[in-house]
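Chemist: Following the hints, position chain V against chain F.
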Amino acid sequence: MSILSSSVSVTRYIVKGKLEKPVLEKIYNGLTQNSIKDIDDDHPEKIVGWTSFENPYVPDFEGSSFVIGSYMVFSMRLDRKSIPSKVIQKHYAIEMARQLKESGRKYLSRNEKKSIKDHVIDVLSLRIPATPNIYDLIWNVEESWLWFFSNLKAANEELETLFLKSFNLSLIRLFPYTTADLMSGLSDKDRDLLLNLSPTKFTE
Amino acid sequence: MLDVAVSYNRYKFLGHEFLTWLWFIMENQQDILKESDKELVSLDIGNRIVLENNKNDTKESITIKGDKAGLEEGILSLQKGAVVTELNLIYKSGNNEWRFNIKGESLNISSLKTPATGPVETKEDIEAALLEKVYLYERIFVLINNLYKQFISLRVTNRWEKDVVMQIRKWIAS
Numbered sequence: 185m186s187i188l189s190s191s192v193s194v195t196r197y198i199v200k201g202k203l204e205k206p207v208l209e210k211i212y213n214g215l216t217q218n219s220i221k222d223i224d225d226d227h228p229e230k231i232v233g234w235t236s237f238e239n240p241y242v243p244d245f246e247g248s249s250f251v252i253g254s255y256m257v258f259s260m261r262l263d264r265k266s267i268p269s270k271v272i273q274k275h276y277a278i279e280m281a282r283q284l285k286e287s288g289r290k291y292l293s294r295n296e297k298k299s300i301k302d303h304v305i306d307v308l309s310l311r312i313p314a315t316p317n318i319y320d321l322i323w324n325v326e327e328s329w330l331w332f333f334s335n336l337k338a339a340n341e342e343l344e345t346l347f348l349k350s351f352n353l354s355l356i357r358l359f360p361y362t363t364a365d366l367m368s369g370l371s372d373k374d375r376d377l378l379l380n381l382s383p384t385k386f387t388e
Numbered sequence: 013m014l015d016v017a018v019s020y021n022r023y024k025f026l027g028h029e030f031l032t033w034l035w036f037i038m039e040n041q042q043d044i045l046k047e048s049d050k051e052l053v054s055l056d057i058g059n060r061i062v063l064e065n066n067k068n069d070t071k072e073s074i075t076i077k078g079d080k081a082g083l084e085e086g087i088l089s090l091q092k093g094a095v096v097t098e099l100n101l102i103y104k105s106g107n108n109e110w111r112f113n114i115k116g117e118s119l120n121i122s123s124l125k126t127p128a129t130g131p132v133e134t135k136e137d138i139e140a141a142l143l144e145k146v147y148l149y150e151r152i153f154v155l156i157n158n159l160y161k162q163f164i165s166l167r168v169t170n171r172w173e174k175d176v177v178m179q180i181r182k183w184i185a186s
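Chains as they are written, first to last, in this note's numbering: chain F, 185 to 388; chain V, 13 to 186.
Bound conformation, chain V alone:
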């Protein structure tokens, strides 16, 4: 395997492409989301999108904040050649809701808020709450793993350039 620092920097574009693709499938191919999580009710963009445009050796960062974070401004940035570097997502399953940020370059999850767990009063409560939390965190990690797996298995095939990129270009231009 490649050196960690080298592979982190060299392939962080994959994380940015993953988030750009993820936005595209959230808007256009909901069936892929369902394939990744049978219990998924919805996966939507929350209150933040960060995009980055690297042009002529200069880096431009665009942050869009607010509920239903400005899809139009985001699309405009994509049209100018930007990629998504960070997303705030809202995941719903059954009557439960999770919110979290995902960063493309590291795939790190931050500000992860899960559905409420039971109150903690005794030592036994701590153990029960912890196990419940682990289950709730795992739901997000499994979802992201499955989505990333779908993305990467497309990314290493010819279908990526021939089909997927064409569809994304069409979506961006529409």
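Extracted from the complex, chain F is given alone in its bound form:
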């Protein structure tokens, strides 16, 4: 989902830890080493990587193009090949019939059937292009926060893993407990009290 869309969904994070200097070079390296790779002519069903905010189909991080004002702005791209089950079923049936005819047998073993299915999926995944999903993010390095423009659980989990791998920094998602613990200026005593809270009954 684009930052500039008329309607957005946002998951907010705190970035734990600091990047070593030179910061822009570290970010550039993290982005280029983990940029999205094309899998259209390859076997993997899924791939995730960084891409440019302005040109998500041709990742380019040259000339600090990921810096806008005091923010780092780039996108996570998640490409996934999705082969319709009916297509798999069709090619599986054709291949089974061919092998039965060639061998002159009436049945195939369970292992042979599995092997045919794997082979069919493998061949089809080479022919089917991956569908790209693009999720923008804004990272304020100075203030250690990040906004990710999606609330999808799977996309957020991919982000957390990719971010740690790329920059060696953890992302802490802001939800009721973490917001109270990290963002509300509570004293140590209050944070202990927070741990022991239990639900309120608003009716008697």
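This list has only true hints and no planted wrong ones.
Below, a list of computed lysine-lysine pairs in the BS3-like style, where the Cα atoms sit at most 27 Å apart: (1) V:Lys46 to V:Lys182; (2) V:Lys77 to F:Lys337; (3) F:Lys274 to F:Lys297; (4) F:Lys385 to F:Lys373; (5) V:Lys182 to V:Lys115; (6) V:Lys161 to F:Lys373; (7) V:Lys125 to F:Lys337; (8) F:Lys230 to F:Lys274; (9) V:Lys50 to V:Lys125; (10) F:Lys337 to V:Lys161; (11) V:Lys174 to F:Lys385; (12) V:Lys182 to V:Lys67; (13) V:Lys46 to V:Lys174; (14) V:Lys24 to F:Lys200; (15) F:Lys385 to V:Lys24; (16) F:Lys285 to F:Lys270; (17) F:Lys385 to V:Lys77; (18) V:Lys24 to V:Lys115; (19) V:Lys71 to V:Lys24; (20) V:Lys125 to V:Lys161; (21) V:Lys174 to F:Lys373; (22) V:Lys145 to F:Lys200; (23) V:Lys135 to F:Lys221; (24) V:Lys161 to V:Lys50; (25) V:Lys92 to F:Lys385; (26) F:Lys349 to F:Lys200; (27) V:Lys135 to F:Lys210; (28) V:Lys161 to F:Lys385; (29) F:Lys385 to V:Lys182; (30) F:Lys337 to V:Lys145; (31) F:Lys202 to V:Lys145; (32) F:Lys337 to V:Lys71.
If you're looking for bench data, these hints aren't it; they were derived computationally from the structure.
Note that the structure is predicted; figures quoted are calculated from it, not measured.
Modeler: Only chain V this time, still in chain F's reference frame:
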């Protein structure tokens, strides 16, 4: 700090209580809203409230949709022991209006619509529009942070049970 998955599930009730409290102060204590945002003109419920009632190990979810989302039905659900789990809110500041959904268990913001920004035609326009959008999004996040901060600083004191919960009970019963 606690494990993320554990603390998410164990304390999601805080998000539900926050939204229930927020509805209460929108109806009864507008001054608290102004303390959280000096430029606030109004904060109102939009077209959706979701409530949840956990009773006898069963979970009942109630969704109220429509403009000025049915406050009476919502109050009725609160009377039966429900809490607010999701709200659609309309925030006004100056002549501008923002609309968004907030989910209690995650505090995630969705369907956030900001006041219109300038047209985007050149690369420079993109940068300007982006910076403007960041400012507009931040207004909502700062508002929610400040409100949540007020809520949580009350929640960890005795005043919560002694004063606030009593006032909310009175409001629900009225």
